[in-house]
Amino acid sequence: MGIVSEIKPIITKALTDLYGNNFDEKDITVSLTKPEFEGDYTLVLFSFVKQLKKSPEQLGKEIGEYLLNSNGELFSSFNVIKGFLNLVITNNYFLNFLQQNYYRDHSAYQPANQKRVIVEYSSPNTNKPLHLGHLRNNFLGWSIAEILKTTGHTVYKTAIMNDRGIHICKSMVTWQKFGEGKTPESTGIKGDHFVGDYYVQFGEEYKNEIALLMADGMNKEDAEKNAPIMLETQKMLLDWENGDPAVRALWQKMNGWVYEGFNETYKKIGSDFDKNYFESETYLLGKEFVVAGLQKGVFYKKEDGSVWIDLTADGLDEKIVQRKDGTSVYITQDLGLADKKYEEFQYDESFYVIADEQIYHMKVLKLILQKLGKPYADGIFHLVYGMVELPTGRMKTREGTVVDADDMIDELKKYAREKTEELGKVKDFNPGELNDLYDTIALGALKFFLLRVDPKKRMIFNPEESIDFHGFTGPFIQYTHARIKSILRKEKATPGHLQAKEDILQKEKELIVLLEQYQVTVEQALLEHNPSLLAIYAFNVAKTFNTFYTVHSVMNAESDEKKQLRLQICELTSGVIASAMHLLGIKVPERM
RNA sequence: GGCCCGGUAGCUCAGUUGAAUAGAGCAAUUGCCUUCUAAGCAAUAGGUCAUUGGUUUGAAUCCAAUCCGGGUCACCA
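Going by our numbering, the first residue of the first sequence is number 454, and it counts up by one from there.
Be a bit skeptical, because a hint or two may be false.
Within a straight-line C-alpha distance of at most 30 Å, the following computed DSS-like cross-link-like pairs (lysine-lysine) qualify [to be verified]:
#1 Lys461 / Lys479
#2 Lys793 / Lys678
#3 Lys872 / Lys943
#4 Lys643 / Lys849
#5 Lys849 / Lys772
#6 Lys487 / Lys996
#7 Lys706 / Lys721
#8 Lys643 / Lys535
#9 Lys535 / Lys507
#10 Lys819 / Lys793
#11 Lys960 / Lys910
#12 Lys507 / Lys487
#13 Lys678 / Lys706
#14 Lys996 / Lys602
#15 Lys866 / Lys1040
#16 Lys503 / Lys487
#17 Lys943 / Lys1016
#18 Lys461 / Lys506
#19 Lys602 / Lys938
#20 Lys996 / Lys910
#21 Lys706 / Lys878
#22 Lys909 / Lys878
#23 Lys503 / Lys514
#24 Lys793 / Lys754
#25 Lys910 / Lys602
#26 Lys720 / Lys749
#27 Lys479 / Lys507
#28 Lys772 / Lys816
#29 Lys602 / Lys728
#30 Lys535 / Lys466
#31 Lys819 / Lys754
#32 Lys706 / Lys720
These are computed hints drawn from the structure, not numbers from a lab.
Construct all of the structure, not just a fragment, from the sequences and the given hints.
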């Protein structure tokens, strides 16, 4: 498929022809030639030295000459430096490559085996607005779903709304006590922020009440348990579970506000879901699992009536699956939800985009499902991503160090506007186009920033330094794309003319080699579930293009043929950039 | 303490199927807007790849030990 995989068998055959031994493709190493050496692809010779009892120089010379004689249409020359045989590919081969790829639609790549796949991501709590960590989750989830789709799978995107529980009741109680009937409409505050403010206020009130109780001589532990606002909250949770109409109505009203806010943000960042699950509707689902697990002997009951699973044989711990009062715990709910999803979607694979703090939980989930003999258990995968941290450490709601998603986007958009006006390049844009452009740049910067890092690693966000449109950023790639489109527009409007001939320059070859690796990169990104590979790739393509085309003009090309070639490279480069960025959920503008 | 993840330039990150002088971007210094977009290009400087030992023709990459940071091991979700 790629040039490397075309070269490898040829070299294998050459080795066999020359030295008689049987060589396998696995034994040979072919890599891109480093820029400081002459050549396009390099064969590493060291591994043959011992086996064939010849010096690397001699081997390189013999193999190089053989390849030149037998495959002259592919190799034009070679050189040997130390243990490396550098091979130069013919211009013709590169031209053919371009011709074959010129009209290829890079967004439509379809391998044979297609699966039904669920990607669950986002999964917010309905008591506070989305923050930077959620954004990393959303961008990763969306991107991975898109990569899966492009590679031929049927993908369903789902979210689970964590819409019930003690944390939800906290903001409800506080609004009831201090809200004075205010609403998002009456205050003009976005619904999720509105509710989130009461959640924060709960923390303050709670803290004050504890302080008061302790001033009266109560110890800290008791004070935390007996603070009136906490007691009220716990009562509200019970009322909620018993279906108290007033509490349910309040709950629905406030969650409604949050969803309105969420939807606005989701729309802005381009997240969408085929199906939303609600914890309030699924949290009882795991019950039958407990019964079935006991019957199968996978679970066991302790004297107090609580139900457990012993995973010590698998190197894990004992895990509770049902409390002694018969209520289910987190893991049990997830068992039920996995089953429900299978019922509805008959998935082959189910991905969970969840932060790394839940690695253990997800391991347990999969293991229990396997032990219960569920057919879908093996298809469950945890797509782990690391937390987004500040230079000072983790973001903490209590300390007010959380970077809010909406604020972040607004700030970036403002910055995009200032920068664009400063550069003064968009005088012919109308107000609507300008607004779209600022959105495109702001979200491009944010998404690229969060996606360019290996998902598994936790990453540090520095509010002061992170906002940048220069260098290894989304806007740099967007800018390159806009530039290429501009070249193509100008060529269309005023065709230039040309003479003379010249070989393809080294840098152009580098670019072509890079473009040729696009689909390999997509496959690798899929295999490793790692969109950052695509982000890095897109940057490399843009960088290589800029480096070359700033020095060498298309219009002043020495020959007609040369100019056509460069225009083809422009088309292909912009196409590859556009599809790579599409897989990251980043728009690329025609002009900027 | 058990298990998991990480430690690469001042900062943020690539590079780990072993391979040539370990790469980008930011920050610093310098040069380039009368030629297709300067959100750019070119150049300089910046490294004991946490430490030690091992395997190998060859180690940031594989193995072992140690140090440092984080996560997790809840009748929280």
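To see whether the hints hold, each was checked on the structure:
1. Under the criterion of a C-alpha separation no larger than 30 Å, the hint pairing Lys461 with Lys479 is consistent with the structure, at around 9 Å.
2. Straight-line distance between C-alpha atoms of Lys793 and Lys678 comes to about 37 Å, which puts the hinted pair past the 30 Å bound.
3. With a C-alpha separation of about 25 Å, the suggested pair Lys872 and Lys943 falls inside the 30 Å cut-off, and the hint holds.
4. Proposed proximity of Lys643 and Lys849 is supported: the alpha carbons are some 21 Å apart, at most 30 Å.
5. In summary, the hint linking Lys849 to Lys772 is supported, as the alpha carbons are separated by about 28 Å, within the 30 Å threshold.
6. Between Lys487 and Lys996, the direct Cα distance comes to roughly 16 Å. Compliance with the 30 Å bound is thereby established for this hinted pair.
7. With a C-alpha separation of about 23 Å, the suggested pairing of Lys706 with Lys721 holds against the 30 Å cut-off.
8. Distance restraint check for Lys643 and Lys535: the Cα-Cα separation of roughly 66 Å exceeds the 30 Å cut-off, and the hinted pair is therefore not satisfied.
9. Under the criterion of a C-alpha separation no larger than 30 Å, the hint pairing Lys535 with Lys507 is consistent with the structure, at around 13 Å.
10. This hinted pair checks out: Lys819 and Lys793 have alpha carbons roughly 15 Å apart, not beyond 30 Å.
11. With a CA separation close to 33 Å, the supplied pair Lys960 and Lys910 exceeds the 30 Å bound.
12. For the hint linking Lys507 to Lys487, the alpha-carbon distance of about 25 Å falls within 30 Å, and the restraint holds.
13. Restraint check for Lys678 and Lys706: the C-alpha separation of about 28 Å stays at or below 30 Å, so the hint holds.
14. Under the criterion of a C-alpha separation no larger than 30 Å, the hint pairing Lys996 with Lys602 is consistent with the structure, at around 28 Å.
15. The straight-line distance between the Cα atoms of Lys866 and Lys1040 is roughly 15 Å, inside the 30 Å bound, and the hint therefore holds.
16. Between Lys503 and Lys487, the direct Cα distance comes to roughly 25 Å. Compliance with the 30 Å bound is thereby established for this hinted pair.
17. Only pairs whose Cα atoms come within 30 Å are accepted, and Lys943 paired with Lys1016 is accepted, the gap being roughly 13 Å.
18. Among the hinted pairs, Lys461 with Lys506 is consistent with the structure: their alpha-carbon atoms are about 22 Å apart, no more than 30 Å.
19. In summary, the hint linking Lys602 to Lys938 is supported, as the alpha carbons are separated by about 27 Å, within the 30 Å threshold.
20. For the suggested pair Lys996 and Lys910, the alpha carbons sit about 25 Å apart, so the restraint of at most 30 Å is met.
21. For the given pair, Lys706 sits about 47 Å from Lys878 by alpha-carbon distance, which is inconsistent with the 30 Å threshold.
22. A distance of roughly 39 Å separates the Cα atoms of Lys909 and Lys878; the hinted pair therefore is violated under the 30 Å criterion.
23. Using a Cα cut-off of 30 Å, the hinted pair Lys503 and Lys514 holds, with the two alpha carbons roughly 17 Å apart.
24. Restraint check for Lys793 and Lys754: the C-alpha separation of about 25 Å stays at or below 30 Å, so the hint holds.
25. Among the hinted pairs, Lys910 with Lys602 is consistent with the structure: their alpha-carbon atoms are about 25 Å apart, no more than 30 Å.
26. Simply put, Lys720 and Lys749 have alpha-carbon atoms about 46 Å apart, too far for the 30 Å limit, and the pair is violated.
27. About 21 Å separates the Cα atoms of Lys479 and Lys507, which keeps this hinted pair within 30 Å; it holds.
28. Of the pairs offered as hints, the one joining Lys772 and Lys816 holds, with about 12 Å between alpha carbons and a cut-off of 30 Å not exceeded.
29. For the proposed pair Lys602 and Lys728, the alpha carbon gap of about 17 Å is at most 30 Å, so the pair holds.
30. Between the alpha carbons of Lys535 and Lys466 the distance comes to roughly 23 Å, so the proposed pair stays at or under 30 Å and holds.
31. About 21 Å separates the Cα atoms of Lys819 and Lys754, which keeps this hinted pair within 30 Å; it holds.
32. Between the alpha carbons of Lys706 and Lys720 the distance comes to roughly 21 Å, so the proposed pair stays at or under 30 Å and holds.
Checked against the numbered hints given earlier, the structure breaks hints 2, 8, 11, 21, 22, 26 and satisfies all the rest.
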